[in-house]
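Asks: Sequence:
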Amino acid sequence: MKITQYFLYTRNRPDRSIIKLEWIESVIKNPCEIKKQADGRFKKWGFIQEEGRYLRVILLEDEETVHNAFFDRNFKEVVNED
Numbered sequence: 001m002k003i004t005q006y007f008l009y010t011r012n013r014p015d016r017s018i019i020k021l022e023w024i025e026s027v028i029k030n031p032c033e034i035k036k037q038a039d040g041r042f043k044k045w046g047f048i049q050e051e052g053r054y055l056r057v058i059l060l061e062d063e064e065t066v067h068n069a070f071f072d073r074n075f076k077e078v079v080n081e082d
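Residue numbering for the sequence shown follows my numbering, starting at 1 and increasing by one per position.
Bear in mind the hints are in silico, worked out from the structure with no lab data behind them.
Since this is a predicted model, take the numbers as computed values, not measurements.
Backbone N, C-alpha and C fix where the C-beta goes; we use that ideal spot for every residue, glycine too.
Only true hints are included.
For each label pair, taking beta carbons as the anchor points, the in silico distance ranges come out as:
hint : residue 1 : residue 2 : range
1    : Lys76     : Gln5      : 28 to 38 Å
2    : Arg53     : Lys29     : 12 to 22 Å
3    : Phe75     : Lys20     : 17 to 27 Å
4    : Gly40     : Gln5      : 11 to 21 Å
5    : Asp39     : Asp72     : 14 to 24 Å
6    : Asn30     : Lys2      : 15 to 25 Å
7    : Glu33     : Glu61     : 13 to 23 Å
8    : Lys76     : Asn30     : 12 to 22 Å
Straight-line distance between alpha carbons at most 25 Å, and here's what the computed DSS-like set of lysine-lysine pairs gives:
hint : residue 1 : residue 2
9    : Lys29     : Lys43
10   : Lys43     : Lys2
11   : Lys29     : Lys2
12   : Lys35     : Lys2
13   : Lys43     : Lys20
14   : Lys20     : Lys2
15   : Lys43     : Lys76
16   : Lys76     : Lys20
17   : Lys35     : Lys20
18   : Lys36     : Lys20
19   : Lys36     : Lys76
20   : Lys29     : Lys76
21   : Lys76     : Lys35
22   : Lys2      : Lys36
Please construct the entire structure, taking both the sequences and the accompanying hints into account.
Replies: What follows is the structure in structure tokens.
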């Protein structure tokens, strides 16, 4: 997994150090939602069962390099009820 220096720096925060790398990889591979930011980066969300919360992963424009990852308390998954 490719990562930025910023990601390494933020991993030292207590609220970020609990985030497992396998959770980040899981969100990258199987997101429940993806949005492209105005700056070209990508936001991907995935539900982490063990935590009962959604993890947001920010990727650079290459969609491979992790720039940031954090639990997103404001995310609400849109469920299609067709």
